[in-house]
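These are the residues of each chain, in order.
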Amino acid sequence: MAGLRRLVLDVLKPHEPDNVFLALKLSEVRNVEGVNLSLSEIDQNTETLKITIVGNEMNFDEIKQVIEDLGAVIHSVDEIVAGKTLVESVKTEQD
Amino acid sequence: MAGLRRLVLDVLKPHEPDNVFLALKLSEVRNVEGVNLSLSEIDQNTETLKITIVGNEMNFDEIKQVIEDLGAVIHSVDEIVAGKTLVESVKTEQD
Amino acid sequence: MAGLRRLVLDVLKPHEPDNVFLALKLSEVRNVEGVNLSLSEIDQNTETLKITIVGNEMNFDEIKQVIEDLGAVIHSVDEIVAGKTLVESVKTEQD
Amino acid sequence: MAGLRRLVLDVLKPHEPDNVFLALKLSEVRNVEGVNLSLSEIDQNTETLKITIVGNEMNFDEIKQVIEDLGAVIHSVDEIVAGKTLVESVKTEQD
Amino acid sequence: MAGLRRLVLDVLKPHEPDNVFLALKLSEVRNVEGVNLSLSEIDQNTETLKITIVGNEMNFDEIKQVIEDLGAVIHSVDEIVAGKTLVESVKTEQD
Amino acid sequence: MAGLRRLVLDVLKPHEPDNVFLALKLSEVRNVEGVNLSLSEIDQNTETLKITIVGNEMNFDEIKQVIEDLGAVIHSVDEIVAGKTLVESVKTEQD
Amino acid sequence: MAGLRRLVLDVLKPHEPDNVFLALKLSEVRNVEGVNLSLSEIDQNTETLKITIVGNEMNFDEIKQVIEDLGAVIHSVDEIVAGKTLVESVKTEQD
Chain L
1 MAGLRRLVLD VLKPHEPDNV FLALKLSEVR NVEGVNLSLS EIDQNTETLK
51 ITIVGNEMNF DEIKQVIEDL GAVIHSVDEI VAGKTLVESV KTEQD
Chain G
101 MAGLRRLVLD VLKPHEPDNV FLALKLSEVR NVEGVNLSLS EIDQNTETLK
151 ITIVGNEMNF DEIKQVIEDL GAVIHSVDEI VAGKTLVESV KTEQD
Chain D
201 MAGLRRLVLD VLKPHEPDNV FLALKLSEVR NVEGVNLSLS EIDQNTETLK
251 ITIVGNEMNF DEIKQVIEDL GAVIHSVDEI VAGKTLVESV KTEQD
Chain P
301 MAGLRRLVLD VLKPHEPDNV FLALKLSEVR NVEGVNLSLS EIDQNTETLK
351 ITIVGNEMNF DEIKQVIEDL GAVIHSVDEI VAGKTLVESV KTEQD
Chain B
401 MAGLRRLVLD VLKPHEPDNV FLALKLSEVR NVEGVNLSLS EIDQNTETLK
451 ITIVGNEMNF DEIKQVIEDL GAVIHSVDEI VAGKTLVESV KTEQD
Chain U
501 MAGLRRLVLD VLKPHEPDNV FLALKLSEVR NVEGVNLSLS EIDQNTETLK
551 ITIVGNEMNF DEIKQVIEDL GAVIHSVDEI VAGKTLVESV KTEQD
Chain V
601 MAGLRRLVLD VLKPHEPDNV FLALKLSEVR NVEGVNLSLS EIDQNTETLK
651 ITIVGNEMNF DEIKQVIEDL GAVIHSVDEI VAGKTLVESV KTEQD
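Protein chains in written order, with the working numbering: chain L, 1 to 95; chain G, 101 to 195; chain D, 201 to 295; chain P, 301 to 395; chain B, 401 to 495; chain U, 501 to 595; chain V, 601 to 695.
It cannot be assumed that every hint is accurate.
Stated by the list, open to error - Some chain V residues judged to face chain L by a derived CB distance under 10 Å, without partners named:
1) 638
2) 639
3) 643
4) 644
5) 648
6) 684
7) 686
No lab work stands behind these hints, which were simulated from the structure alone. All figures in this text were calculated on a predicted structure; none of them were measured in a lab. Yeah, the Cβ is synthetic: ideal placement off N, Cα and C, and Gly gets one too.
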């Protein structure tokens with residue numbers, strides 16, 4: 001296990017195609033093991049999604065391509081986990 | 101294990117047939133392993149439900165059909181989990 | 201394991217018979233494995249209870265009958281869990 | 301394992317005999333496996349205690365007797381757990 | 401395992417001897433397995449401590465003696481756990 | 501296992517190169533086992549990141565060099581974990 | 601396992617030498633198994649640190665010496681854990 005292990009993306013997407021289709025598409029990308037797609041906001045024409053993607057040696061550009069092919073755009077990459085061990089962010093005294 | 105692994109649905113439903121019947125019906129859909137139906141709100145004629153459905157290679161349309169056959173409607177799909185691994189949404193610094 | 205696996209009921213009950221008696225009675229219903237009876241509110245003549253019942257292939261009507269035989273009434277069915285796997289409700293971005 | 305498995309009692313008690321003595325006495329009642337006695341409030345003449353009692357096939361009247369023999373009184377029975385499985389109360393959308 | 405299993409004490413103590421010495425002394429009392437001494441408050445002449453003591457068949461008077469020998473006093477006994485099983489206090493609907 | 505086991509860094513970075521590149525670079529540093537890079541803030545020209553790095557006998561200067569080679573700067577070292585056992589910070593009565 | 605098992609110290613320290621150096625130094629003290637050094641506050645000339653130290657039969661004076669040799673001072677000892685079992689502080693009804 002190494003390379004890109006987990007991504008949390010903030011994604012802006014049109015209503016169609018639907019989110020079930022997008023989640024399944026992303027789950028079939030090379031080296032992706034699982035996808036969690038959560039609906040953050042629904043507006044008249046678009047939806048804001050929080051997408052958590054887990055895998056091993058994942059390729060960011062391939063993931064980005066699938067999202068953009070469906071007319072959506074990555075608004076920000078909120079978390080990136082890489083390496084042999086899947087590391088969680090740690091709450092410190094500063095938080 | 102792959103495909104559609106978990107759905108969280110916001111559903112609007114008439115009082116009849118009752119929610120025990122709906123939960124049992126959904127639990128008998130092909131590839132569904134378990135259903136959690138929680139009552140969010142009760143109004144004079146309708147009830148708002150939060151339905152969490154877990155399984156493997158589940159078929160969204162078959163689930164939707166069962167819900168609509170009982171006179172209810174999916175108001176929104178709040179979470180979709182797909183792939184070999186069942187991935188939870190991750191809290192990030194943005195949350 | 202399948203069918204009705206867990207119920208959370210909001211129940212309105214007279215002070216007598218007491219809640220220990222009701223909890224024991226419910227725990228002896230066919231296919232019921234355990235009961236948690238929590239006191240939500242006490243009024244002059246009645247008590248509001250939150251009753252969590254866990255089992256396998258439980259029969260809702262038999263449970264309802266026991267409650268009503270003791271002079272109580274199911275005010276609402278707040279949660280229903282059904283199927284092979286006991287599924288918890290999932291917090292989503294909408295919550 | 302069955303019958304009465306756990307009780308949470310709200311108890312009003314005089315300062316004497318002390319709470320260590322009461323906790324030990326309750327832990328020696330037939331079928332009681334463990335007791336947690338927490339001090340909720342201290343007033344000039346009395347103390348309010350929250351007592352959690354765990355066991356198997358426990359007898360409520362025997363427990364009540366021990367408490368009353370030491371001059372205390374059960375103010376309310378806040379939780380009762382019965383049956384083969386020890387069931388926790390479940391947070392629902394209504395909470 | 402039985403008898404007195406855990407105590408949580410609110411203790412008022414002069415600055416000397418120091419708390420490391422008190423914690424070590426308490427950890428050496430017969431049947432005591434471990435001690436957690438947390439500093440709640442520091443005033444000009446005294447310190448308020450929360451002391452959690454875990455063991456099996458512990459003797460309350462022996463523990464009290466060690467505390468008093470070092471010039472400190474038990475302000476209140478906030479929790480007592482007794483019996484074969486170490487039972488935690490349970491949050492109920494009343495909380 | 502010993503030496504430097506975990507670091508939590510507050511890092512200020514230009515938008516380019518992107519954070520996926522930085523996370524992968526850090527995950528390839530000698531003795532680093534995993535990296536969690538979380539986006540705290542995005543401004544017009546810079547991004548504030550919270551980077552959690554886990555490993556064994558890690559070398560702080562090598563990690564610092566990778567960060568600075570990509571034009572970023574360590575704003576503060578918020579947590580340092582060292583030694584055979586990976587120790588979490590403990591909440592005390594003072595918190 | 602016995603004696604001093606865990607300490608949580610509130611430490612006031614000059615900026616130099618840096619905290620990585622202090623954490624490593626503490627992790628090398630006799631019978632210390634791990635150290636967590638968290639940055640609480642940074643002022644112009646000093647830093648306030650929360651240091652959690654875990655081990656077995658640790659010697660408080662040796663730990664104190666290392667801290668003072670680097671120009672820092674123990675402001676308060678917020679938690680002390682001693683004995684065969686590592687005991688956590690318990691939340692009670694008083695909290």
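To see whether the hints hold, each was checked on the structure:
Proximity of residue 638 of chain V to chain L holds as hinted, the smallest CB-CB distance being about 4 Å (cut-off 10 Å). With 10 Å as the threshold, the beta carbon of residue 639 of chain V comes within range of chain L, its nearest partner Cβ sitting at about 6 Å, so the hint holds. At a threshold of 10 Å, the smallest CB-CB gap from residue 643 of chain V to chain L is about 14 Å, leaving the interface hint violated. At a threshold of 10 Å, the smallest CB-CB gap from residue 644 of chain V to chain L is about 18 Å, leaving the interface hint violated.
A cut of 10 Å between beta carbons decides the hint on residue 648 of chain V: the least distance to chain L is about 9 Å, and the hint holds. At its closest, the beta carbon of residue 684 of chain V sits 29 Å from a beta carbon of chain L; the interface hint therefore is violated under the 10 Å criterion. With its C-beta approaching chain L no nearer than about 21 Å, residue 686 of chain V sits outside the 10 Å limit, and its interface hint is violated.
Hint compliance for this structure: hints 3, 4, 6, 7 are broken, all remaining hints hold.
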